[in-house]
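Participant: Sequence:
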Amino acid sequence: MDMNSFRLDGKVALVTGGAYGIGFAMAEALACAGAKIAFNVRSQKNLDKAMEDYAAKGIEAKGYIADVTDETQVAELVAAIEKDMGTIDILVNNAGIIKRIPMLEMTADDFRQVVDIDLNGPFIVAKAVLPGMIKKGHGKIINVCSMMSELGRETIAGYAAAKGGLKMLTKNICSEFGESNIQCNGIGPGYIATPQTAPLREPQADGSRHPFDQFIVAKTPAGRWGTPEDLQGPVVFLASDASNFVNGHILYVDGGILAYIGKQP
Numbered sequence: 005m006d007m008n009s010f011r012l013d014g015k016v017a018l019v020t021g022g023a024y025g026i027g028f029a030m031a032e033a034l035a036c037a038g039a040k041i042a043f044n045v046r047s048q049k050n051l052d053k054a055m056e057d058y059a060a061k062g063i064e065a066k067g068y069i070a071d072v073t074d075e076t077q078v079a080e081l082v083a084a085i086e087k088d089m090g091t092i093d094i095l096v097n098n099a100g101i102i103k104r105i106p107m108l109e110m111t112a113d114d115f116r117q118v119v120d121i122d123l124n125g126p127f128i129v130a131k132a133v134l135p136g137m138i139k140k141g142h143g144k145i146i147n148v149c150s151m152m153s154e155l156g157r158e159t160i161a162g163y164a165a166a167k168g169g170l171k172m173l174t175k176n177i178c179s180e181f182g183e184s185n186i187q188c189n190g191i192g193p194g195y196i197a198t199p200q201t202a203p204l205r206e207p208q209a210d211g212s213r214h215p216f217d218q219f220i221v222a223k224t225p226a227g228r229w230g231t232p233e234d235l236q237g238p239v240v241f242l243a244s245d246a247s248n249f250v251n252g253h254i255l256y257v258d259g260g261i262l263a264y265i266g267k268q269p
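Sequential numbering of the sequence shown, starting at 5, is according to the working numbering.
No lab work stands behind these hints, which were simulated from the structure alone. The C-beta atom is built at its ideal place from N, Cα and C for all residues, glycine as well. Hints should not be assumed to be uniformly reliable.
Okay, derived cross-link-like pairs now, DSS-like style, lysine-lysine, Cα gap no bigger than 27 Å in a straight line [said to hold, decoys possible]:
#	residue 1	residue 2
1	K175	K131
2	K171	K103
3	K66	K49
4	K49	K61
5	K139	K171
6	K175	K103
7	K171	K87
8	K140	K171
9	K66	K53
10	K139	K87
11	K131	K61
12	K223	K171
13	K140	K175
14	K175	K139
15	K140	K49
16	K61	K103
17	K140	K103
18	K61	K139
19	K53	K139
20	K66	K131
21	K131	K87
22	K139	K103
Using C-beta positions, here's what the derived DEER-type ranges look like [stated by the list, open to error]:
#	residue 1	residue 2	range
23	G237	K87	16 to 22 Å
24	G252	Q200	25 to 31 Å
25	G62	A84	50 to 56 Å
26	P106	Q200	19 to 25 Å
27	P106	D52	19 to 25 Å
28	R228	T76	25 to 31 Å
Please work from the sequences and hints to get the whole structure.
Facilitator: Next comes the structure, spelled out in structure tokens:
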């Protein structure tokens with residue numbers, strides 16, 4: 005086996021929302037495998053902070069301000085990356101939000117905003133990079149899905165609907181562009197320990213574990229939360245030539261939650 009098939013030397017990778025959290029971790033992994041990194045954020049403040057963080061890791065990256073839900077801004081983003089770095093070889097559709105609101109209290113505007121960012125955004129960005137990939141004769145699109153691409157849970161109607169749709173968008177891009185030697189797959193993270201989920205893992209006043217922390221660990225065969233680093237190997241695999249015959253697949257990186265019914269009480 006040629007282990008060089010996992011290398012990404014000279015490839016241009018766009019990681020949307022790659023300023024922090026799992027997006028940053030995946031961008032770091034792609035860079036370590038040799039890729040040139042581009043990412044977008046929505047404000048100059050976030051861009052400045054992200055550039056500091058990339059520099060601290062010794063990663064050369066180019067950041068751009070763009071809203072993934074705005075077709076004009078995305079077209080300008082892709083054009084700028086192509087001018088500065090070359091044709092985009094790898095797209096990681098990572099940008100997303102979640103709103104935890106009971107469905108009967110969730111407004112249609114709240115629902116639309118989640119779907120717009122988490123589903124329309126990946127569609128818009130993929131549509132913008134596909135012509136370049138087709139012309140080049142190869143490309144990788146990786147959509148960051150979720151366990152909620154398969155499961156539902158209270159308070160996240162918009163998120164689950166969007167991530168379920170993203171799973172099917174992944175399969176449809178595979179179906180439509182596979183003959184162009186473009187592979188589109190998804191990564192479905194489990195519960196990942198990030199600053200955003202830290203409040204769910206904080207010890208209680210009596211020193212006991214947070215109830216949600218207990219719930220997740222009990223439901224995960226691995227017996228722990230995931231880390232951003234757990235996503236690094238999978239994203240490199242899906243971005244590399246090692247996965248050239250893997251298409252339309254959702255790789256769940258969840259410690260086994262989706263395979264597990266849970267312990268008997």
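Participant: Of all the hints numbered above, which does this structure not satisfy? Sort the numbers upward.
Facilitator: The structure conflicts with hints 7, 11, 15, 16, 17, 18, 19, 22, 23, 25, 27, 28, although it agrees with all the remaining ones.
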